[in-house]
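Protein chains in written order, with this note's numbering: chain G, 1 to 379; chain Y, 1 to 379.
Everything hinted at is true.
Each pair may be met inside one copy or between any two copies, as identical chains are not told apart.
The calculated DSBU-like cross-link candidates involving lysine-lysine, where the alpha carbons are at most 35 Å apart (straight line), are:
1) 158 to 281
2) 250 to 281
3) 250 to 294
4) 187 to 99
5) 227 to 281
6) 281 to 116
7) 187 to 254
Note that these hints are calculated values from the structure, not bench results.
Number of protein chains: 2
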Amino acid sequence: MAETKYRRAKAVVCRERDKPMTVEEIEVEMPRRGEVMMRLSACGVCHSDLSATNGTIPFPLPLVLGHEGAGVVVAVGEGVTDYVVGDHVLSSFVSMCGKCRYCQTGRPQLCDQAAKAASTLPDGTVRTRDLAGNPLNIFSGCGVMAEYATLHVDNVVKITKDMPLDRAALIGCGVMTGVGAATNTAKVEPGSTAVVFGCGGVGLNAIQGCAIAGAAMIVAVDTSDEKLEMARQFGATHTVNAKAEENLVKTVRKLTGGADYAFECVGMGEIAAQAYGVLGKGGKAVVVGVAAPKDQTTIRTSSLTFEEKTLTGSYFGSARPRQDFPRLIGLYQAKRLKLDELITRTYTIDEAPQAFIDMAEGRNARGVIVFGDQAERTD
Amino acid sequence: MAETKYRRAKAVVCRERDKPMTVEEIEVEMPRRGEVMMRLSACGVCHSDLSATNGTIPFPLPLVLGHEGAGVVVAVGEGVTDYVVGDHVLSSFVSMCGKCRYCQTGRPQLCDQAAKAASTLPDGTVRTRDLAGNPLNIFSGCGVMAEYATLHVDNVVKITKDMPLDRAALIGCGVMTGVGAATNTAKVEPGSTAVVFGCGGVGLNAIQGCAIAGAAMIVAVDTSDEKLEMARQFGATHTVNAKAEENLVKTVRKLTGGADYAFECVGMGEIAAQAYGVLGKGGKAVVVGVAAPKDQTTIRTSSLTFEEKTLTGSYFGSARPRQDFPRLIGLYQAKRLKLDELITRTYTIDEAPQAFIDMAEGRNARGVIVFGDQAERTD
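Can you build the whole structure from these sequences, using the hints too?
What follows is the structure in structure tokens.
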């Protein structure tokens, strides 16, 4: 009977901090009450996965990586009424209990349940173990850098079947985080002026979020001319190479006349302070990048009062995943949202370690792991 | 003809930084096009006036103080259609041009015109001179700590005649700043939890702003038990004496479970960081106190992202004076807004230097200068 209770799957696992992750066979338990099992078709390789392996985001190890997955439901647990086998789904690395004060008030990205069970399913247990029978933690209720994954329905969002799953996967983290920072958190307005610091995967999406929202001037800032060129493709109207600037804030302020919105997409307090610095009166700076735990941001106090400037942050693009994932797919299908252009390279799961090296070295807008034959299967 | 062009008035003038202000006779020019002359009935004594005399808020000297004035229109200039002699008016230390992008978008507190002419009328000139004929700057387009003042109509708000002018005066700065920080800037919601750091004139008004907006738990923090007692009268449900706390942030977090809103009403970056520190997920800290120009606020960067906390500021309570002043009067008349209790002591204009000493020593919630016989006159 053991065969029916667990399914073997290759998975990308972090066993030791600062060491290369391993690709190993694990066992994934069939779904219990309120859960579904996904067969993964694709999973994006995200900087947050890397942050989990180096301690920037503290997770207990060993940990199955992956939180940007797209796939097909292959089994549903008891009591699951909203999903059937064959449904196409995305993972959501924040769970949405629907009951806490944050879910109730339209801020499921801050769901209390997600905070309580960051490395397990919502009930505090996992469905993953290694072949020696030791339980494996999962990244933010997901652990979808694996051929199979069992998730609670609170971490799953159904999508339309006419959407390619490898493109759809990206929506589950990087795209939502960047676009949502502009559209949901900052609420960028048509005709406004925005500055985006950092043009990696998230920064490019913040740029296209600003473009979709109608910003008239979008200034991209990075230290790589190559990334700035990419930024133009995603909607930047101006680019500034930070390396070439003696006083970056002054240059950007001169260019914008004081920005309405600024986005920090790197994860450094110093850059967050620059983002705040380029704002005009009443402007809003949104920190999107994940900074190290002890990193600090310092700003001039009186500018808060006299100029009513705002420093805030965006987690997962302030996502309301059940609304926003389908909307982003709609924008892609309407050719308003770029996804194809984000995928620099695809990898097999065996190539996952290389995918992380390429990401760390800044080679990819986004790398995506595509799951072998299974990607061809539709059922 | 000189007699008709200028009117003699006693005024409180700052001539030298860090020196006691002087009470002297000055000359106030009759209103030019688009201006009105007020005869002052009352003027609040505000910490910002003191800040102008010690350089915390940089103003060119010599400077006629006062920006919290209430009085009666005694003359109108050419082209003025909205005011007639006898109207009761308050001064507004932000001018409201009605035309700039900030005025157009409901943020007159950030009006571009106000920024351009901080120590003069909007056209860059003044109507005030000393008896030797030297021009005197005016505090924020006002300079209403004087028996007469000529203001541009963009700095004047008409109020109902059944409102006592000494009470009304307070609305023009301290009350609007504190109450508006809660109602306009933070948009405090019924049932929410708020923490107010500093229980001086502005802090007490932030507390009553939270109470008016329906906050269920209002925690007042100060180092003076006397001020905390006053805070309870203004609506605080809990008080914490910061002096008695080893870890103030921890104590307040424990009490509130993580606050929805926090208000810094002192003007120190360190306290702004504490206000930010007591917030729960999705919370908003509003800096209201005017900090010294070089003062800084330092916060943990990752808390912005993971918890979507916000650090922002409130200038003049994000006032829309033409709407908000009458509304605050309405709240007073409905016995929802405390004004009488704010006035610790009244002073004659000759006693103004003492009023500043009393304020600096923390003796007053608010001191108010009442202008002699004139206060009795109604025309």
